[in-house]
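Please work from the sequences and hints to get the whole structure.
Number of protein chains: 2
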Amino acid sequence: MTTLNPLIESKVDVLIIGAGPAGLMCANALASAGVDVRIIDKRAVGVAAGQADGIQPRTIEVLQSYGLAEPLIRIGAHFPRASFWNPGPNGGIVRTQRTPSIFSPTARYPYLITRHQGGIESLFHGSMEAKGLHVQRSTIPTAIQLSQVESELRDPKANPVKVTLKRLDLEEDDIEVVHAKFVLGADGAHSWVRNVLGIKLEGDNTDSIWGVLDVYPETDFPDSRNWTFIHSHNGTLMNIPREGDMMRYYIQLSEDPDFVDPKTRRVNKARANPDRLMETAAKIFQPYSLKMLGEPEWWTIYVIGQRVAQKFSIEDRIFIAGDACHTHSPKAGQGMNASMNDSHNLAWKLAHVLRGWADLSLLKTYEFERLKFARDLIDFDRKWSKLFTGKPRTEANEDGISHEEAFQTFSGFSSGVGVRYEASAIVAKQHQPCAAKLVVGERMIPHVFVQAADIRAVNIHDVMPSDTRFKVLVFAGNVADKAALARVRALADKLDAPKSFVHRYGQGDYHKVFDILCICAGSKDEVDFIDVPQMLRPHWSKVLLDDTDMHGREGGGGFAAYGIDPKAGAIVVVRPDGYVGMVAPYERLEDISTYFGGFMVEKSG
Amino acid sequence: MTTLNPLIESKVDVLIIGAGPAGLMCANALASAGVDVRIIDKRAVGVAAGQADGIQPRTIEVLQSYGLAEPLIRIGAHFPRASFWNPGPNGGIVRTQRTPSIFSPTARYPYLITRHQGGIESLFHGSMEAKGLHVQRSTIPTAIQLSQVESELRDPKANPVKVTLKRLDLEEDDIEVVHAKFVLGADGAHSWVRNVLGIKLEGDNTDSIWGVLDVYPETDFPDSRNWTFIHSHNGTLMNIPREGDMMRYYIQLSEDPDFVDPKTRRVNKARANPDRLMETAAKIFQPYSLKMLGEPEWWTIYVIGQRVAQKFSIEDRIFIAGDACHTHSPKAGQGMNASMNDSHNLAWKLAHVLRGWADLSLLKTYEFERLKFARDLIDFDRKWSKLFTGKPRTEANEDGISHEEAFQTFSGFSSGVGVRYEASAIVAKQHQPCAAKLVVGERMIPHVFVQAADIRAVNIHDVMPSDTRFKVLVFAGNVADKAALARVRALADKLDAPKSFVHRYGQGDYHKVFDILCICAGSKDEVDFIDVPQMLRPHWSKVLLDDTDMHGREGGGGFAAYGIDPKAGAIVVVRPDGYVGMVAPYERLEDISTYFGGFMVEKSG
Ligand SMILES: Cc1cc2nc3c(=O)[nH]c(=O)nc-3n(C[C@H](O)[C@H](O)[C@H](O)COP(=O)(O)OP(=O)(O)OC[C@H]3O[C@@H](n4cnc5c(N)ncnc54)[C@H](O)[C@@H]3O)c2cc1C
Ligand SMILES: Cc1cc2nc3c(=O)[nH]c(=O)nc-3n(C[C@H](O)[C@H](O)[C@H](O)COP(=O)(O)OP(=O)(O)OC[C@H]3O[C@@H](n4cnc5c(N)ncnc54)[C@H](O)[C@@H]3O)c2cc1C
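Chains as they are written, first to last, in full-length UniProt numbering: chain A, 1 to 605; chain B, 1 to 605.
Keep in mind the hints are simulated off the structure, nothing from the lab.
Keep in mind that a hint or two might mislead.
[Claimed, not checked] Which bits of chain A does chain B cover? Going by a derived footprint, with three or more residues having C-beta under 8 Å, they are:
1. 78 to 87
2. 105 to 112
3. 224 to 231
4. 527 to 535
5. 548 to 557
C-beta: ideal position from N, C-alpha, C; glycine also.
Following this line, the structure appears as structure tokens:
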């Protein structure tokens, strides 16, 4: 670690404050994109155990797009099933239902995964460090100042944010002044950045209080390894399977006068200890036995409100993300997921602006997209929490929807797959019907195709990494058919014309900006990858077939799944973050040009 | 590296001579099993490029059982399709057929993978080094001596093999005398160990000669990324896709007087250079264009006969494996595969004997199983080579089987999945009908089940790692059915009785020797994992269901695939190397006891 000299002034393109999931996702994405980025954190060491743990299907897809999902899938606990228990007629608890924990039919990974927050963070550390970026620890900002000079604010090359940094691990009062182009405050629920900028939180005052306990239990409870919601005469508990044989219990304490003073609603710290939490849990599990093996791995009393920041950015120069923007109950396991997806949304936009490819206005779409999401999330969280923390459903109280219905209704949220961004500069919905099932503004639907050159089965997600490029997917018909081939050739010629968006916004070397893929409807016996015009196959792996593999195990049905007529074809533009930005028929290439013209800087090549 | 002192004498349980694929597979397996093992190699550094490259489906399964397949699958080239080209009517070549490159319907990975030999070896290096084992390089044996004292040879605790080692990288004539319990000669086709022990090779004198060229080509040939066999008027070539955009061409030179003197059959070294090889390849590819981009990655002239060693062991104390035992043409890509599978077969047997669990006689099954395999392989190789190197099929010469038929016929070999070990102490076939499709002596058939506790879909291969344990799979009926449950309970009681094989051969802690799994026929809605008697579920993950996952994407049909009647059930014993050792009905537990009694040492626990 370098010493901070009081006279040091430095420059950086992006300064990230806070190295939790939100900050690290951004730092890794920017480092991978070659952006000049720095990340600091006040903590001397990373999270060793506990805190957030649930990873949703969509977040797994996102991590996979950065090449980080494999260790998570290997090490984490998976729970594809949810289970519901209610008070039994003779005391104790009885199972009332089991459902899939995820209903979203298009989820590539149709289950939740848990892994302690430090384990998730270490995925990013490993990847960042390979690119030479380390978290600078024991460092806090003490002042932040945004230039008021309009021309500076509008100049993408200017460094209008001045942040003063202080080292906590040095005796002297060493400070450093950093001049940044952009700053991200990813400094958690009590965000210093948010507070100092005067951004208000909106939402409930009523905080809910949870005891959280990570333990290795001995139990004869049959549904331990499921996502289990228990309502009992003795309280409410959520049972979360964890990596290895670990378990997490979320125990609602808000109503428990033993832990919480009913008047002040303050936690009685003296009474709150893991043995007491375990005791409460054991009562809830009755008649099943529950004992703790050894010491608890981690525990906390976790007080949380449902709040959203009024805004996520100041002048599109300083942003906040993650818990700094929104906090919610842990019931639906949103914390880490929403946080990482915030900065996943932001990172490519920063990269495009910093490279001079996109206009500063692109950054407005961050708040536009993520603030709406956060508000919807809080709404969902309220309904969801009510459903699971309300009075147990009894024979007398049978109205309200069932757990299964709730899971189905809310699956878009609990899987993260249902996020839909509204129309904006980067979401153009006018030609939706030409790919009816690929909802513009939602994430690209995963599907298995085969590579035409080697008939290797690949999920289309795997050929669309988060590499800051727009993916231009040309859905061609059966190019073995002469008429279809002629249409595709004509399209390729138009795409390669100097006025095409590929060249206009190609920034001198369009392969850096656009990744072009061609998906053909023909069969592997008919279509050779070299049949496809060269423009549509920058590499042999870029031609896919909507057909099964050599053994009929996987693949096929992609055009139908996407609602694309193979005769007509379609062009699908997928944003660098994996969301469908636009779909268009072959005849409306100029509309795609207009789309890119709305936020990109023209520089042909 | 340590200096070898002339006075040094040392002891080791297993000394491995040669750190190619055969030696490394053994070293890694033994190190993982905690065996005292040492591995030396004469080379100062590992293989950097080239040499063998083809990995068969069965070898991928084996690597996966050691946790090593993932990087290979990620980095290697896959080729699920084979393609055949013959001379065209007007010169040039025309495609005559395309087929799956692997027909074996049960292959978990139904394709071939290529990766340069050094890349494969590095999988083992990484894994071994994590266990503290490094290859001792620049070291050769100069003498090997086996004790003639019968009592010593028969004493599993004795170190009857004396090997003198010499360092090649030291000035002084440092030598070390190693006293080993067992020695493995995995020192390649020109094996010093084999020669010094006087083990003869049997087989052809006619060597075939191949030019091998690893290049990045520029070509419009449509089938580059397939396993492609080309017969042309200008010669014969095999086209192998390699990692990234690399290609390997095997060019048959035996008939080419430009490279090989027709009288002496010696390679004309002066003429053999990569440009000449490329020139020959380009002629064969006509009318398609072929150019080399940059320098070749690797090339060689590879002279190879089809030979098998007379025996694979001396007194079951010194063994040979890999190319030291058998050499064959590269046409079917067997080299590395047969070699790694030799020592995969040997490693667990050594571990069991060294731990005092099994009788020395267990080691006899190594030669019994692998010598027969090697002979069959050479037979196959002869037929296969003839098929692909014989005169091109013409209209006049239409007899002989087609390529597709050949691929189907030989798929057991070319996939490695068809290996079947004959009846022996560790292969007991008497109760075959009770699991009619799980052929005793063949590798366990992979299949997807769901874990009863969490409904996570798992391939049964993934819960049967190569950890030196015998897997005892109890196929139970639907334990939600009372009668079925009663039968399973009775079986569990018998298994847990003091006279049961589990306890008799359990070596004081049977979980170290036997991994017990229970596979139930019931549905996930009916069966809870705790319904299964405790004896059959040492861990919650050990109860599997023959049902689909929560989304109906995977799983189900396992009893049918294995030919097991769910009403009757069956017990399947899978050897530590993944081969089915025995199947038996519930009523014949004592036959399983006899099976283990045939090679294991009794020590109850
Ligand atoms: C004690 C605790 C327990 C939790 N328990 C749960 C749980 O049981 N279940 C659940 O779902 N979620 C839980 N959460 C919430 C969950 O951790 C967050 O939702 C998630 O981590 C959000 O990620 P983030 O990156 O936005 O914020 P955080 O993970 O909070 O990361 C913020 C980072 O910023 C750093 N930081 C803060 N202030 C400064 C500053 N002034 N200068 C420099 N660095 C700063 C912090 O050290 C931290 O590393 C818990 C959080 C905490 C703090
Ligand atoms: C130059 C070359 C080219 C090849 N090309 C191909 C190809 O194109 N396609 C193909 O399928 N196969 C090819 N092979 C064969 C392939 O490499 C083998 O089938 C495969 O590696 C067998 O593995 P192995 O471990 O049995 O032997 P090897 O990989 O040969 O390993 C033997 C090891 O023992 C070491 N050794 C040898 N003698 C001693 C000694 N006296 N003391 C200590 N160490 C010793 C060697 O250095 C080597 O590391 C080639 C082999 C060679 C040598």
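These are the hints, each one checked on the structure:
{"no.": "1", "hint": "78 to 87", "result": "holds (count 4)"}
{"no.": "2", "hint": "105 to 112", "result": "holds (count 3)"}
{"no.": "3", "hint": "224 to 231", "result": "holds (count 3)"}
{"no.": "4", "hint": "527 to 535", "result": "holds (count 3)"}
{"no.": "5", "hint": "548 to 557", "result": "holds (count 4)"}
In this structure, none of the earlier numbered hints is contradicted; all agree with it.
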